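So the protein sequences, as listed, match chains P and E.
By this note's numbering, the letter at position 188 of the first sequence is numbered 188, and the numbering carries on one by one without gaps.
By this note's numbering, the letter at position 65 of the second sequence is numbered 352, and the numbering carries on one by one without gaps.
Worth flagging that the hints you see were computed from the coordinates, not collected in a lab.
If you're wondering where the values come from, they're calculated on a predicted model, not measured in any experiment.
Accuracy of the hints is not assured; some may be wrong.
Facing chain P, from chain E, some residues (calculated, C-beta under 7 Å) [as the list claims (entries may be wrong)]:
id : residue
1  : Gly-357
2  : Gln-377
3  : Asp-407
Every residue gets a Cβ at the ideal spot worked out from N, C-alpha and C, and that includes glycine.
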Amino acid sequence: MNFQPLQVEGELLSNRRVGAYHLITIVVPGIPERIRPGNFVALSVGGESTSTLLRRSFSVYQAQERGLYGGTLELVISAHGAGTRWLAALAPHQMINVVGPLGRPFPLPKDPVHALLVGGGYGSAPLFMLADALRQRGCRVDMALGAASADRLFGTLEARRVTNALSIATDDGSLGVQGRVTDAARSILERANIDVIYACGPMPMLSALTTLGGEFGVMVQCAVEESMACGIGICMTCVLPVRGNDDVVRMSRSCVDGPVFAGDRVLWESIGSVPEETLGAPKASEH
Amino acid sequence: MTSIRVVPKGGRGVSAEVNLESKLGTLVLPSPVLTASGCAASGKELSQFVDLTTIGAVVTKSIMMSPRSGRATPRMAETPSGMLNSIGLQGPGIDDFLEHDIPWLASKGVRTMVSIAGNDVEEFGRLAARVKRAGDSVVALEVNISCPNVANRGLVFACQPHSAAEVISIVRRNVGGAFPIFAKLSPDVTDIVEIAKACVDAGATGLSLINTLLGMVINTETLKPALAGVTGGLSGPAIRPVAVRAVWQVHAALPHVPLIGMGGILTGEDAFEFILAGASAIAIGTANFHDPSALTRVQKELSVLLAERGFSALQDAIGFAHRKV
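Chain P extracted, bound-state conformation (with noise of 0.2 Å):
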């Protein structure tokens, strides 16, 4: 089930620097206890007279009901653009608007079953949260991460916690082995039986997950990175091509109807068009 998200203004506890990325600490009361694994925070940026003035939208890596200072979300922020140096750059005591709990949380199993967690770059930020979910349900828990380098694997030492076996994989092989997170994933495939993936990470990583999953009848759960504007499902912008239940193709908002897909839903390769056969899609003679 899904809670109802609560607008809240929350204090920076701490900001830290982990790997490339930043770690930072939010109090917001009413939040923490309604986050689901998988589920997504949306934050302003900028502050009071801000001109940018879209929400970012982040995973939640740790949220904990109750702490020293009350309820308190961890994100972790990779640097890029205007809004997350903005982030990154914040500093103990400061104020960040928080909307959430946003998004549709992993589906969880009823049976104790077999579970591969695969995370690229700090995309693994909500399978830790997860982890725990499968673990306390009595399931087994592998876990798959990759980066280009070691700076920006996200969690390795937590994910030793939280998991039964993990492996690493790297481009620059600075950390684990050298080679992509899917060839990680298929030699744990091939070597045990696994009943179903999560992943979460860039799109081509979720796309050739998918296949992967196909290859061996496994379903994959997979949480999207698209960009957002407002994380609550009026602006339209973060659509892409999924195949829903009626067999129709349509152009599905991953903030409210996602942001976790089952793999074999979504249009991968339609991913940045339009799709022919998308409900509604143009006709050579309009657009």
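Using the hints, position chain E against chain P.
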């Protein structure tokens, strides 16, 4: 009537009741604060943050006859104090809209202004007739003749007085004499007053000013246009002075025609500017993305500001900046 008790700044316990009632021709709304079409879907999502029965009305995302996928992504680019969008009128089509969205809005008691967009003049007429029969929760029609996200600029009806008038005439004919119709106009024209007059002469009750401005951003990493649709509509505070100017000019020329002002309203003070320029109501668009509670906040801030400036009723402030002292 929505009246909010306020204590003006420095007023030391002096409280004021500001009457926010907004009159748009025969349409009387308890508040001048509306959602801007295309920035609130059909209200359901924002209802998690705002009690939509307390604002003037929800103006729905423009609805078309058939389902429409909209354009490819990227559809959005952030710009200084604003954004470009290139959605391309994505929507489920009128049948689905009348089956799901209107009943939901009606069940919640939300006053609704339905925005319609047609591919041609006849489609506007047919949509208007369908919406008019949709029940009492629909209090007005907004006719979107100015969406910039269509491939053929010749289909932006609001760019020419005669094509704008042609659409408004058929809509008026199909909904009958008294039903409130608002024509939404584009600022991307040489003389917006000329277009406004043509719409009013053709039967528009009032005008919604303004739609987005056509703009473009180029991505300096990919060396290509940032939007898949190449161009998009610019919105947000960056366009507010253009919008205030349009409201000012049209109100000066047509002082008795009700105007809905919009374009970059983020605060009650911004809304007040539009009222002073001549708008009888205002709409909140891009601000909903920034702050999902913006509708409630702007309404409160506007009420406080009206009281601070000595207005006991919104009606008295409309077009006040035009008055010769």
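Results for each hint:
1. Gly-357: Since the shortest Cβ distance to chain P is 6 Å, the answer is holds.
2. Gln-377: holds (5 Å)
3. Asp-407: violated (11 Å)
In this structure, only the earlier hint numbered 3 is contradicted, and the remaining ones agree with it.
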